[in-house]
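**Student:** Sequence:
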Amino acid sequence: MSDKIHFTNTKGDKLCGVLSNPTNAKGSPIIIICHGFSSNKESGKYAELERLLNYRKIATFRFDLYGHGESEGDFADITVAEAVDDIMNAIKHIKNLGYTKIGLFGSSFGGMASLLAASQTNELYILVLNSPVSNYSEGLFSKYSEQYINEWKKDGYRMHEKSDGTKIKLNYNFYEESQQHDGYEAAKKISVPTLIIHGDQDETVPIEQSKKTSKNIRNCKLEIIQGANHRYTNPEHSKKLLQLVVDFIVSHS
Numbered sequence: 001m002s003d004k005i006h007f008t009n010t011k012g013d014k015l016c017g018v019l020s021n022p023t024n025a026k027g028s029p030i031i032i033i034c035h036g037f038s039s040n041k042e043s044g045k046y047a048e049l050e051r052l053l054n055y056r057k058i059a060t061f062r063f064d065l066y067g068h069g070e071s072e073g074d075f076a077d078i079t080v081a082e083a084v085d086d087i088m089n090a091i092k093h094i095k096n097l098g099y100t101k102i103g104l105f106g107s108s109f110g111g112m113a114s115l116l117a118a119s120q121t122n123e124l125y126i127l128v129l130n131s132p133v134s135n136y137s138e139g140l141f142s143k144y145s146e147q148y149i150n151e152w153k154k155d156g157y158r159m160h161e162k163s164d165g166t167k168i169k170l171n172y173n174f175y176e177e178s179q180q181h182d183g184y185e186a187a188k189k190i191s192v193p194t195l196i197i198h199g200d201q202d203e204t205v206p207i208e209q210s211k212k213t214s215k216n217i218r219n220c221k222l223e224i225i226q227g228a229n230h231r232y233t234n235p236e237h238s239k240k241l242l243q244l245v246v247d248f249i250v251s252h253s
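For the record, in the sequence shown the residue sitting at position 228 is 228 according to this note's numbering, with numbers rising by one throughout.
If you are wondering where the hints come from, they were derived from the structure by calculation, not from laboratory data. Any given hint might turn out to be false.
[Claimed, not checked] Using 25 Å as the maximum straight-line C-alpha spacing, the simulated SDA-like pairs for lysine to any residue come out as follows: (1) Lys153 with Asp247; (2) Lys14 with Ser38; (3) Lys169 with Glu185; (4) Lys240 with Asn40.
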């Protein structure tokens, strides 16, 4: 059974999610699914993860971050801190619904936000990160020229190209604010069983970030998918990713 649920972040913005519980039992494990940058909860990968976990009697809650999908807010104003706040409020809302065994799955940008959120709460029993960003200044922003950064600052925004080729406005504040967060240090505060999955051909987030982060988490398993890029566009790589996620969650639930 799936239900569309709305909750608010700390600023009062209304966020939208889909809760799917195959057993309707509040005592069952539930996994909060957090999407990547400029994506949303309706991505096929997250819908398939929901289906696979529900089949194993594990509930899911996939939701849209601020400025994404059906949630309120202007995408141009998104920041890492905003995404972390959204996740913390999602955890709070799910707990208020009566769930006590809450896990978290985050992908890419959502992976970094999930990493940071997990370091700030004791409410989780498991954490799964898919190709997470751990440090924006390493490998991501370093690709931008000084001229590009200066023009971004001068204009106040740049047009971000989404995976489907469309472009959307992104404010310069994202560049400055995102560099204030250190996923490597946050990782040292996480003790719950954690799985990090990364493709060795990731062209967006350097795999070295996940290798370093995994060493900083006390109870962490790193799975490297050979040949996989950031979006796992090869169906076999995507299938492998989801199987690793499901197997890990089931084994710890």
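**Student:** Each hint should be assessed against the structure and marked as holding or not.
**Tutor:** Status of each hint after checking the structure:
no.	hint	verdict
1	Lys153 with Asp247	violated, 44 Å
2	Lys14 with Ser38	holds, 18 Å
3	Lys169 with Glu185	violated, 30 Å
4	Lys240 with Asn40	holds, 21 Å
Comparing the model with each numbered hint stated earlier shows that hints 1, 3 do not hold.
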